[in-house]
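Chemist: Listed below are the residues making up each chain.
Protein chains: 2
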Amino acid sequence: MLHDEPHMPLRAFDWDSRMAQRTSGMKSSIIRELLKLIQQPDIISFAGGLPAPELFPIKEIEAACQRVLETNGARALQYGQTEGEEPLRSYLAESMSRPDLRVEPENVLITNGSQQALDLIGKLFVDTDSCVMTSEPTYLGALQAWNVYEACYVTVPQDDDGILVEEIPRLLAEGWKPRLVYVLPNFHNPAGTTMPLERRVRLVEIAREHDLMLIEDDPYGELRFEGEEITHLYRLAPERTIYLSTFSKTLAPGFRLGAVTAPKAIVRKFVQAKQGADLNTAVFSQLVVAEVCRSGLIPRHVQTIRRVYRERRDAMLAAMEEYWPEGCAWTRPHGGLFLWARVPESINTGEMLPRAVARKVAYVPGMAFYPGEKGGFNAMRLNFSYAGVPEIQEGIRRLGDAFKAELAGSAVAVGR
Amino acid sequence: MLHDEPHMPLRAFDWDSRMAQRTSGMKSSIIRELLKLIQQPDIISFAGGLPAPELFPIKEIEAACQRVLETNGARALQYGQTEGEEPLRSYLAESMSRPDLRVEPENVLITNGSQQALDLIGKLFVDTDSCVMTSEPTYLGALQAWNVYEACYVTVPQDDDGILVEEIPRLLAEGWKPRLVYVLPNFHNPAGTTMPLERRVRLVEIAREHDLMLIEDDPYGELRFEGEEITHLYRLAPERTIYLSTFSKTLAPGFRLGAVTAPKAIVRKFVQAKQGADLNTAVFSQLVVAEVCRSGLIPRHVQTIRRVYRERRDAMLAAMEEYWPEGCAWTRPHGGLFLWARVPESINTGEMLPRAVARKVAYVPGMAFYPGEKGGFNAMRLNFSYAGVPEIQEGIRRLGDAFKAELAGSAVAVGR
Chain A
8 MLHDEPHMPL RAFDWDSRMA QRTSGMKSSI IRELLKLIQQ PDIISFAGGL
58 PAPELFPIKE IEAACQRVLE TNGARALQYG QTEGEEPLRS YLAESMSRPD
108 LRVEPENVLI TNGSQQALDL IGKLFVDTDS CVMTSEPTYL GALQAWNVYE
158 ACYVTVPQDD DGILVEEIPR LLAEGWKPRL VYVLPNFHNP AGTTMPLERR
208 VRLVEIAREH DLMLIEDDPY GELRFEGEEI THLYRLAPER TIYLSTFSKT
258 LAPGFRLGAV TAPKAIVRKF VQAKQGADLN TAVFSQLVVA EVCRSGLIPR
308 HVQTIRRVYR ERRDAMLAAM EEYWPEGCAW TRPHGGLFLW ARVPESINTG
358 EMLPRAVARK VAYVPGMAFY PGEKGGFNAM RLNFSYAGVP EIQEGIRRLG
408 DAFKAELAGS AVAVGR
Chain B
8 MLHDEPHMPL RAFDWDSRMA QRTSGMKSSI IRELLKLIQQ PDIISFAGGL
58 PAPELFPIKE IEAACQRVLE TNGARALQYG QTEGEEPLRS YLAESMSRPD
108 LRVEPENVLI TNGSQQALDL IGKLFVDTDS CVMTSEPTYL GALQAWNVYE
158 ACYVTVPQDD DGILVEEIPR LLAEGWKPRL VYVLPNFHNP AGTTMPLERR
208 VRLVEIAREH DLMLIEDDPY GELRFEGEEI THLYRLAPER TIYLSTFSKT
258 LAPGFRLGAV TAPKAIVRKF VQAKQGADLN TAVFSQLVVA EVCRSGLIPR
308 HVQTIRRVYR ERRDAMLAAM EEYWPEGCAW TRPHGGLFLW ARVPESINTG
358 EMLPRAVARK VAYVPGMAFY PGEKGGFNAM RLNFSYAGVP EIQEGIRRLG
408 DAFKAELAGS AVAVGR
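For the record, the sequence lines run as chains A and B.
Take the position in the first sequence, starting the count at 1, then add 7; the result is the number in my numbering.
Take the position in the second sequence, starting the count at 1, then add 7; the result is the number in my numbering.
One or more of the hints may lead you astray.
[Said to hold, decoys possible] Sample of chain A residues facing chain B (criterion: CB under 7 Å; computed from the structure): (1) M33; (2) T89; (3) V133; (4) V155; (5) C159; (6) L414.
Simulated from the structure, these hints should not be mistaken for lab results.
Keep in mind the model is a prediction, meaning the values are calculated, not measured.
Backbone N, C-alpha and C fix where the C-beta goes; we use that ideal spot for every residue, glycine too.
Start from the sequences, fold in the hints, and give me the full structure.
Modeler: Here you go:
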């Protein structure tokens, strides 16, 4: 006890009774518990969604930091507009514009990573028990963002060409009234699928016919290894689409810079929501990344990323062919960071994870990507951007061994 | 129309019908409309809360960027832990620790500015119609954060020593059941007041007697111009207090780095909420600021800020004495960025703002700091950190002229 301090002993306090109702949807998931296992050295992890750190253009970023601080330091270190900094909004508006689609800076809001855009969408559009329509499986982070706003979900199955759009009118006929339809048309996380143009056009037709709002999440769109770029939903139906993008995959996640592109009136709504959420995204990060963009680095850098990730995808696919037992199937993504694998139904990928980790290999069990963790029990998401080719080969071999052991074990269990 | 594009003409879409109920609390306020007036050149603005940009330690930050990228670039540019980066959490834990209070890194969460902490508090603790107890006036950003979660407010009046704590039991006896009590004990925004130790002790006694949770918002605590540091509420009652701090005022706002200090179990709840909100705060910013902290710059830099802001506060107080008419009163803050002024009741500071702007001077009308904008009609918040001494003198003179014109005008109106 200090001489100037009154003695105030610690008391108990019941925090639980103070928590908002919505926090009941925030309970630590089975998945998060499982993923703690992965925080070990020597593990070949296909679990994360991390870009290859050895590709980060560190020198160019260092030069951009120096230039921004020397020419514009006082502005870079000050508070900024909630909308985001003009040079970055302009860059994004220009890169989204097409001969038939004019995107202006006022159509763009800079966010603290694409995840913040998902949170702001929840804040703006999701009431308690609002129905969100999404593919099954779907991006885990979107579920985390919208569970907090107590969304409920109606899921649409997928095939190798993405979401089965003809299921949507069927679900609507059953009485579902989705507040929004969430889609990842390019290199879907976790499924690794891409929607062909015809399916996108059909989705837009259905959305127009049934007055649906679309959220188009496109973090990996630039990372295409093969085939031609396919038109965005935002370009097909800008009146009803909110488009999400990010610099985390084309440059680096360390700045946490994402963006919303939407009708100007909706951008103004996002601005109101973001003002209460964090006032503005860091000006310094925005100006550094705008400087990197101005230098023309991004398109060159994206070429490098595409080449390296393509090699890694190919290595993963080849190793799966070589090492995995019969009864497994997987997607063959045309880009992005992830593929989706199904294993024989007797294997539960959640239950198997500790045994895979014992073999020093990790993945995310499929159920993480199902609302309520109610599916995907014999599926898994594999990331191919982070580990190098030799590790990918070794990790896929270990997984193959793990499957074979599971199958032998379940054969024994059946025999007993 | 491109040859590979189907022709899909723009349609109308009714966005309003998709908005969540909570967005009705996000309508553009009168204040925000008024503040648009201020975005003009040549205006002496006391309206913002901007640190003095000429004091930003640009060279030191440039050196820190270089050092982080050269020694730790791959980590700095990657995704990071939701909790925040260890070096920064440790620095904050150490600087909060006292002989009778051990703060560990696990007690600290790094946020995207202090505003994000307010938003996460809303997410974790505020249900629709939850009662928040706050001083009157109070920080506008807290209202913006919690209006979204549909909080209602019960307000406690203040005097020159801050919140009138003996009013709290009286309000509780009236039946108010606050989910949390929000206080700014040091250099209150907007009031400029500081709670003496005895009042803090009494607040903690009342909180313990009535089982209240405390939010202690302390963005300016380090910026003390005179007197001795006064013990934090968090130190007096760590079991029931969530403490908020920021680097925006001691270093620069351009990184958007704030922090929550709280019991470890509550930090884990914040982590769950933050994961859905934005995954993590930018690692690059965190490591750069941790490097600046490691170099020992912050305490030296805070000395500079204190000296300059003190001069500016003194200049503002002296000019108010010299130029303002009878019937005005104001606080004399011992630190921070703001003071609070009251003018004769016949002057409505909201209505006067356009006329002040015509005289090229701006402030924030008092009503901005009242829940529902239901008070403070003859008050205003003045910032003294941004403008230099000669501008402060000139701006305060212009405000004095504006008051005199209002008083003459209302005398005419009364005479009619």
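Chemist: Hint by hint, note whether the structure agrees.
Modeler: Outcome of the hint check:
{"no.": "1", "hint": "M33", "result": "holds, 5 Å"}
{"no.": "2", "hint": "T89", "result": "violated, 10 Å"}
{"no.": "3", "hint": "V133", "result": "holds, 6 Å"}
{"no.": "4", "hint": "V155", "result": "holds, 5 Å"}
{"no.": "5", "hint": "C159", "result": "violated, 14 Å"}
{"no.": "6", "hint": "L414", "result": "violated, 34 Å"}
The structure shown violates the earlier hints numbered 2, 5, 6.
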